[in-house]
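There are 2 protein chains.
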Amino acid sequence: MAKSDKINFSTPSGFPEFLPGEKRLELYLLDTIRRVFENYGFTPIETPAVERLEVLQAKGNQGDNIIYGLNPILPPNRQAEKDKAGETGSEARALKFDQTVPLAAYIARHLNELSFPFARYQMDMVFRGERAKDGRFRQFRQCDIDVVGRRELSLLYDAQMPAIITEIFDAVNIGDFLIRINNRKILTGFFKSVGVEEEKIKSCIGIIDTLDKVGENKVKNELEKEGVLADTTQKIIYFIHIDGTVDEVLDKLKYLTTSTPEAEEFALGVTELETVICGVRNLGVSENRFCIDLSIARGLNYYTGTVYETTLIGHEALGSICSGGRYEELVGMFLDEKMPGVGISIGLTRLISRLIKAGILNTFAATPAQVMVVNMQNDLMPVYLNVSQKLRQAKINVITNFEQRPLGKQFQLAEKQGIPFCVIIGSEEATAQKASLKDLRTREQVEVALEDLAEEIKRRLA
Amino acid sequence: MAKSDKINFSTPSGFPEFLPGEKRLELYLLDTIRRVFENYGFTPIETPAVERLEVLQAKGNQGDNIIYGLNPILPPNRQAEKDKAGETGSEARALKFDQTVPLAAYIARHLNELSFPFARYQMDMVFRGERAKDGRFRQFRQCDIDVVGRRELSLLYDAQMPAIITEIFDAVNIGDFLIRINNRKILTGFFKSVGVEEEKIKSCIGIIDTLDKVGENKVKNELEKEGVLADTTQKIIYFIHIDGTVDEVLDKLKYLTTSTPEAEEFALGVTELETVICGVRNLGVSENRFCIDLSIARGLNYYTGTVYETTLIGHEALGSICSGGRYEELVGMFLDEKMPGVGISIGLTRLISRLIKAGILNTFAATPAQVMVVNMQNDLMPVYLNVSQKLRQAKINVITNFEQRPLGKQFQLAEKQGIPFCVIIGSEEATAQKASLKDLRTREQVEVALEDLAEEIKRRLA
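Residue numbers (numbering that gives the first Met the number 0), protein chains in the order written: chain R, 0 to 461; chain D, 0 to 461.
Just chain R, with the same shape it has in the complex:
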């Protein structure tokens, strides 16, 4: 066996792990998110962590990120297989870095077994060699939903997304949030109408997208560096700052439509946005939960229509906690078929880490156990085991303490883990078919008949 003093057993940089109380919080959030996704009829899938490298790179650019390829390490007795391992060259495989390309591959692989529109959720781990200096994770869980249609997809799917975002963040009780909605066609159309050259529009939208982070002056400079005239830049800055209530912004946009009649794409974007807003309202989303923000664009180039970002009010520095949008070309790429989709994504690992640090979310107790049956004397163990099983059958999570130690130490052990109750049975109680129930939160101790114990604990837990 290797000597421990030579082994660095820390986690590799960027590969986080949670303590039990944090992991329990993550599971609670995952359960909540899943419940909302399923409530809207999204069905779960999970694609392998590993895909063919050519599949992962099919979208083209891997951006700024490292992709983790696989490098098979053969055991000593299998060195001869090296050439057959098929893990390199044209057979190269790598860890997925998002869930969008894998969704496209999944649909291509199972086209005839799926029903369309295909509404799926996916909460897998993804792997991205982000620059370490950004303090970003290299492995993290993303909670994604997407609806994908064949050829067409109603804009009402776009309208459902804010309803789903609202239900999730209302359920987990993290305070007020605002869903900012825009449509990329509006931006693209507006840029065209003010004379920005076609081939520069995407990079200009990318510059606009950084407004929140870098401020107005930097955006102006960057636009001018792209060759946008000062006058045009001023129009753009004015445009993306249009604000007011949802209806006021819509009215201004519609007015702009009439004043720039040649900009078809702009007008289409406005119509789409209006349809989406109408759907959001029909779905009963509170007016204070959403707004139109003409400055949001989402950096990713594949979005073609509706885009969303979600900001936590008072914690804007956290950035968007849930984002997404509509895309046309992505999912059908392996099938040469038009498959429009719309989706949103929550970067859960990062979100949890940041919300814990900001004091917005509290970690859970270190164990799901609600009761510790303490060990007063080893010869009563059959009683302790029997009582533990009865409580478990009543759906109470129980730890039986097998080690006989001073009672105070056993209470401490329970308390350290956040277990609220101890059940204490000595020989007198055992004979009388009773137990002492200690509530470690209040230090209160009561005597309860064994047959009533489960009910009493449940009453106090409720």
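It cannot be assumed that every hint is accurate.
Treat identical chains as interchangeable: a pair holds within one or across any two.
Here are the simulated PhoX-like pairs of lysine-lysine, each with C-alpha atoms no more than 25 Å apart in a straight line [unchecked claim]:
#, residue 1, residue 2
1, K408, K433
2, K219, K58
3, K337, K389
4, K457, K5
5, K234, K224
6, K199, K217
7, K356, K58
8, K394, K457
9, K251, K234
10, K337, K408
11, K5, K337
12, K224, K58
13, K58, K5
14, K415, K337
15, K219, K199
16, K253, K201
FYI, nobody ran anything at the bench for these hints, they're computed from the structure.
Only a predicted model underlies this, so the values are computations on that prediction, with no experimental measurement involved.
Knowing the structure of chain R, use the given hints to seat chain D on it.
Relative to chain R, chain D alone:
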């Protein structure tokens, strides 16, 4: 964008993925397993998929398996960082191939933040380059529990494992199963007592462990190849075939203890086994759910005491569906501390695939949606959205069909996905605040007031 006809978008060999109905079955099993684990006070952890290679190899032998190292693929604009990427040489990292070494590392990393005995569950994906010809998976989910003590750990933790196995497999209703219990000290002690040389005992136990697969004659041959005398082989074969009720086997073992008084390890193993069996009974596990089987040993060399295998009655060819045991040296390896542990493992991905194939488990409907609100006419969409939201608030999973298509087509779409109910609202129903509720399983259709719709659906779902 790359042309689809050049890209092989199939999953890499050995990296499986489920269709939605299979994934939903997996989630149901995961939920059930987690509920039982938590009922016994096990707390969740998840270690990163990626660990330092030296950590993964600390146990020594990687067996017959390929370990998947990471090979970072830098984007074009970051080639200069190659030397700093730190993913090779002493900084090499790889995908975890089990959850035992990562558990040891996790405990070493968080020693002072954890409470002991530390009872944790873990249901992560692991990655193993198994030989493709065996039809095994290279990525699969393992559901593990382990309890780890510092210096000591009560044998009653060993006794809890069969109770947990029983609750899980009873809950998922896969038919009769049998938990076979043994203790490696009994085997080791017996081998010593019949004169097998100390350094050959581990390999002899390995040979015994193959009895189920290769049969008695092959075991005899292999033992004799190891240099075990024919007479001794005969004693071993006789010994591992000792059977009868649990009490009969225990009696025979105790008799053998008195007749071989010099074999301390044998006697210790028998005492441990008796203590475990006594605990299993006190925990209320049915007598028909467990037996003593002196032929099971678990191939893994790190087991030192109790060992378990679980067989599905009538489907013995599936092999063990849940296995585990007690170990002494494994978890403390990074800390040079004695940390005994006991655990069990369910290889869930493989189990599901095989149970579906064997017809023991049925896949779920393709969607969690229980109701489809159909689209009779687009102008009633506000009503459809409103009704859908009301049903969702009543915890019914709903898909609203946005595409206006012939009613029969919409029923077909619902039926194909296994959605039991359609809600039909035309303009007359809308005016009368009513809906037609169609049960696609019985083809029955009833008229229900909108205010009673949720209750009526819940009544029919129950």
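Comparing the hints with the structure gives:
no.	hint	in the structure
1	K408 with K433	within (22 Å within a copy, 63 Å between copies)
2	K219 with K58	neither (30 Å within a copy, 58 Å between copies)
3	K337 with K389	neither (58 Å within a copy, 34 Å between copies)
4	K457 with K5	neither (50 Å within a copy, 61 Å between copies)
5	K234 with K224	within (16 Å within a copy, 88 Å between copies)
6	K199 with K217	within (18 Å within a copy, 75 Å between copies)
7	K356 with K58	neither (35 Å within a copy, 36 Å between copies)
8	K394 with K457	both (9 Å within a copy, 24 Å between copies)
9	K251 with K234	within (14 Å within a copy, 94 Å between copies)
10	K337 with K408	between (66 Å within a copy, 22 Å between copies)
11	K5 with K337	between (56 Å within a copy, 18 Å between copies)
12	K224 with K58	neither (28 Å within a copy, 57 Å between copies)
13	K58 with K5	between (43 Å within a copy, 13 Å between copies)
14	K415 with K337	between (57 Å within a copy, 23 Å between copies)
15	K219 with K199	within (15 Å within a copy, 78 Å between copies)
16	K253 with K201	within (23 Å within a copy, 81 Å between copies)
The structure is inconsistent with the numbered hints 2, 3, 4, 7, 12, although it conforms to all the rest.
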